[in-house]
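Kindly produce the complete structure, drawing on both the sequences and the hints.
Chains as they are written, first to last, in my numbering: chain A, 1 to 358; chain B, 1 to 358; chain C, 1 to 358.
FYI, nobody ran anything at the bench for these hints, they're computed from the structure. A couple of the hints might just be wrong.
Below, simulated DSSO-like cross-link-like pairs (lysine-lysine); rule was C-alpha separation at most 30 Å, straight line [claimed, not checked]:
{"no.": "1", "chain 1": "B", "residue 1": "K144", "chain 2": "B", "residue 2": "K105"}
{"no.": "2", "chain 1": "A", "residue 1": "K204", "chain 2": "A", "residue 2": "K358"}
{"no.": "3", "chain 1": "A", "residue 1": "K204", "chain 2": "A", "residue 2": "K303"}
{"no.": "4", "chain 1": "A", "residue 1": "K105", "chain 2": "B", "residue 2": "K204"}
{"no.": "5", "chain 1": "B", "residue 1": "K105", "chain 2": "C", "residue 2": "K105"}
{"no.": "6", "chain 1": "C", "residue 1": "K144", "chain 2": "C", "residue 2": "K105"}
{"no.": "7", "chain 1": "C", "residue 1": "K105", "chain 2": "A", "residue 2": "K204"}
{"no.": "8", "chain 1": "C", "residue 1": "K303", "chain 2": "B", "residue 2": "K105"}
{"no.": "9", "chain 1": "B", "residue 1": "K303", "chain 2": "A", "residue 2": "K105"}
In silico negatives: residues of chain A with every beta carbon more than 12 Å from chain B [to be verified]:
{"no.": "10", "residue": "G23"}
{"no.": "11", "residue": "R119"}
{"no.": "12", "residue": "L206"}
{"no.": "13", "residue": "N259"}
{"no.": "14", "residue": "D339"}
One side only, chain B facing chain A, incomplete, derived with CB under 7 Å [as the list claims (entries may be wrong)]:
{"no.": "15", "residue": "A54"}
{"no.": "16", "residue": "A80"}
{"no.": "17", "residue": "V81"}
{"no.": "18", "residue": "A84"}
{"no.": "19", "residue": "L317"}
{"no.": "20", "residue": "R320"}
{"no.": "21", "residue": "R321"}
{"no.": "22", "residue": "G322"}
{"no.": "23", "residue": "G326"}
{"no.": "24", "residue": "G332"}
{"no.": "25", "residue": "P333"}
{"no.": "26", "residue": "L338"}
{"no.": "27", "residue": "D342"}
No residue lacks a Cβ here, since even glycine has one placed at the ideal position from N, Cα and C.
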Amino acid sequence: MTDPLPPAVAEALASVLPWASPGHFLTGLEPGLDGTLSLLDLAVALRTHQDEVARARPLAGRVFAGMFFDPSLRTRASMAVACAKLGASFVELQPGTGMWTLEFKDEVVMDGMAAEHVREAAGVLGRYADVVGLRAFPTRGQWKRERTQPVHTAFADHAGAPIVNLEGPFAHPCQGLADALTLRDLFPEPNGRKFVLSWAPHPKQLPMAVPHSALWAAASLGMDVTLAHPEDFELDSDALATADSLARETGGTFSVTHNRDAAFDGADVVYAKAWGAVSGPASTSRGHADAVAHLADWSITQKDLHRGAPARFMHCLPVRRGVVVGDDVLDGPLSSVLDQADNRIWAQAALLLAMMGK
Amino acid sequence: MTDPLPPAVAEALASVLPWASPGHFLTGLEPGLDGTLSLLDLAVALRTHQDEVARARPLAGRVFAGMFFDPSLRTRASMAVACAKLGASFVELQPGTGMWTLEFKDEVVMDGMAAEHVREAAGVLGRYADVVGLRAFPTRGQWKRERTQPVHTAFADHAGAPIVNLEGPFAHPCQGLADALTLRDLFPEPNGRKFVLSWAPHPKQLPMAVPHSALWAAASLGMDVTLAHPEDFELDSDALATADSLARETGGTFSVTHNRDAAFDGADVVYAKAWGAVSGPASTSRGHADAVAHLADWSITQKDLHRGAPARFMHCLPVRRGVVVGDDVLDGPLSSVLDQADNRIWAQAALLLAMMGK
Amino acid sequence: MTDPLPPAVAEALASVLPWASPGHFLTGLEPGLDGTLSLLDLAVALRTHQDEVARARPLAGRVFAGMFFDPSLRTRASMAVACAKLGASFVELQPGTGMWTLEFKDEVVMDGMAAEHVREAAGVLGRYADVVGLRAFPTRGQWKRERTQPVHTAFADHAGAPIVNLEGPFAHPCQGLADALTLRDLFPEPNGRKFVLSWAPHPKQLPMAVPHSALWAAASLGMDVTLAHPEDFELDSDALATADSLARETGGTFSVTHNRDAAFDGADVVYAKAWGAVSGPASTSRGHADAVAHLADWSITQKDLHRGAPARFMHCLPVRRGVVVGDDVLDGPLSSVLDQADNRIWAQAALLLAMMGK
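What follows is the structure, encoded as structure tokens:
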């Protein structure tokens, strides 16, 4: 016998709009604007009533399998915790460590290293798990191909179960959902608030998944969204078009600038994130290092935050101190980075409950 | 307070014959024919009533510890899922990754690499877990020794708790139990149905555990079992004698042939599996490569399946497409490979409940 | 709905004295003498009523996150099992395998290998877990620094959640609590019983955490504690002073000798443990090897045990047979090593319930 769900959670769950079968969550845009907002309501209800939910174990016997092709602290731990809070089981798989390498190409004679094809690996996982999570970073191949998130797509094609993207080349929708939750916690009325996503220096050519998802999160809440980055560090043009379209739909705005000072003027939130260029001179390893060496002043400082309200500081973590942002910002009262990390639990719990709890 | 077990599950559980103390499951033959059949009944009951069983959590507080000396996708994930469905806890251990290497020899001065003896490692695990699972492949040493499954035997000797073989050199009994379940799903009256186990080409010299267990599974159901393989790829003679003896006991038949076309004539099931020779010219790495190069026509095709009913296709996975079997077979309607993988959950859940649930 | 705790467990839990906020368990001395004794009572109650406790799931929805910078069999498995018995979730993290490397220095420009600072890593873990466990061995740097357990301290400073030491350079308090439990199981009236902690040979320069915690455990129970080791293998002087002070407080005694035969005379317990010197000639790798080569007679034998009651043999495991101690001791009736390992479950379960169950 299990306890019933707290009424506030049950109501929020009932109001989550079901998105189209098979219900993948690959870009995070699948639930649509209303779906996203109702997931945020469910996240708040779960967070508020977490002890009663833990006793109710609404996902007892349900299995979430997370396949990690790339390393993870927050995503892995927060998914394990989200499962724990709901009574679901979390099964983790790391290909290559204690598991076979996978073949993704079709109609290939598998006489090389790969012992298993994604068709079988995904097919089996889809039988074992109610929802399959997948983390696979871009491999710095052709962006035209990477942006389609080919590993995720292959699993979605063959798993026969819903796939949750635990970070892909194009989007990090669990982070985006948690960021939307954090923004709504900071600003119960986010409409008209100024959200600045600023590029930041970093020794590595990091993926663009987080900045894409962060832009969409802010735009989905009707904020005035400004993207600031140096020349040659353009994000994906379709991702920008999506941000623009979301902003129009919600009564927000979206603009891009190379002038960081102007961007920070009047900002309510500064979201810092490093990424590497996918084309042009800065897209090579050497070109990135050269560019970053000249762009150290894009590192976020206290002064940047005080051109606005002052602005709250956000970052998805992990963050390199002294490179992306100063210690004083991270350790000061304007930083929301731990709240963002914390909200991963509740955003993902809402997602899992919406996917498995009906 | 926990829900009671569904009556169908409770009845099936009551009818599982207890096998001799300490109840290891190393070859899979330990429960005897009646025990195996009652485990299959229990597996079906658990699968049918899985939601009620998940709520009842019959193994709450019980611990299954799986020690993996070799990599695993299906076995590890399906055991984790089986535990989840029953409310048991799954503790995974990988010697050598985050753990000490083990000494197996007795009366040795341990001044080398090994920091712990199997006597203590097994003894401790047997205190921590209600059932200990163990995966250890053959090391291509002397077959005479390998066939005794020495790692499994050492743990069984020292754990003081029942051991479940999660694949050893001689048998893969969890796969065998799942295969028996799949065969009974396909043929509610398996008696007299023709089951063909066919060798297949593969670049690696794979173990014989799965073919042994598959033969025993089919023979235990009273099927007409044909083993087809090229010369020089004999399975273990005791394993064959066991298959023959089981077939006699159940009213089935058992035969071995080198003529694959004759074997496939009238087949109801074709189970493909690659393995390496343990003696003779094909037993070396070079000899295996030479032999396989001449045996590409042992790869399973649609045509092979249509010499019979047509025949259903089975394989334990992982499978190399274009080498062991054609894409069209795996992607076609005759393939049961995902059902086999799925049945791992319920076969193992039955086993765990029988071992820990009384 | 969950069952209530068995009355004996609830009473023992109520009597566990809360130690000072934030309730870290880094040396194991934090709960104080009365707190330690009441934890032992709680451990016994949990062990006695384990089936009812498993049904009650007193820590359902609670999360224990264990971060393992160093390998582990017993600690990891026993913590997973302790969580399972209480219904808590165990989330494991291994930095460097599937996770980022961490920066521990403050005010550093993070343009090197480390992708995350302990301030964020600990801060996030402290949000995700109700209690954070941490295993980090000494790195054979300056003992003056190592003895402060700098990794543990950094996490304690930044996690905002209680930290449990799963073995650090200075103490292994979970082992110590289990050892105290084992001593009380062996001697319900431990006062006045002779406890000998004897150094033993080992090819590696092992840490001093276990011997420190073992001394404190025996002294906390009022035993007559003798530490026997060869010259040049002194333990930490503050650790010895703590043992002496605990013994005075409990009516026991504490002494140190280089004469192993005298130490074993009349012993009720012989606890063997190898460790390396942190200063002096034996503290180098070469010096250790030279010293150990001349100290083979410090290996524990049956004869040593029979200079006393006869004495029970204890060791924390893993143990090198034929080096630290003879096979006949480990396999004989005087060995308590498996009971010590088993008691890890119940000592840690008491700790977790005391930290999370109120």
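Hints and how they fare:
1. B/K144 with B/K105: With Cα atoms ~17 Å apart, B/K144 and B/K105 stay inside 30 Å; holds.
2. A/K204 with A/K358: Violated, at about 42 Å.
3. A/K204 with A/K303: 25 Å, holds
4. A/K105 with B/K204: 21 Å, holds
5. B/K105 with C/K105: 45 Å, violated
6. C/K144 with C/K105: Answer holds: C/K144 to C/K105 is near 17 Å, not above 30 Å.
7. C/K105 with A/K204: OK: C/K105 and A/K204 at ~21 Å, within 30 Å.
8. C/K303 with B/K105: 24 Å, holds
9. B/K303 with A/K105: Holds, at about 24 Å.
10. G23: 20 Å, holds
11. R119: 7 Å, violated
12. L206: Holds, since 28 Å exceeds 12 Å.
13. N259: 49 Å, holds
14. D339: Correct as stated: the minimum Cβ-Cβ distance to chain B is 31 Å, above 12 Å.
15. A54: OK, holds: B/A54 within 7 Å of chain A, min 2 Å.
16. A80: Interface hint status for B/A80: holds (5 Å vs cutoff 7 Å).
17. V81: 5 Å, holds
18. A84: Where the cut-off is 7 Å and the nearest Cβ of chain A is about 3 Å from B/A84, the hint holds.
19. L317: 5 Å, holds
20. R320: B/R320 check passes; min Cβ-Cβ to chain A is 4 Å, inside 7 Å.
21. R321: 5 Å, holds
22. G322: Where the cut-off is 7 Å and the nearest Cβ of chain A is about 4 Å from B/G322, the hint holds.
23. G326: Since the shortest Cβ distance to chain A is 10 Å, the answer is violated.
24. G332: 12 Å, violated
25. P333: Result: violated, 14 Å to nearest chain A Cβ.
26. L338: At about 5 Å, which falls below the 7 Å cut-off, the nearest Cβ of chain A leaves the hint on B/L338 intact, so it holds.
27. D342: Holds - the Cβ of B/D342 comes within 7 Å of chain A, reaching about 4 Å at its closest.
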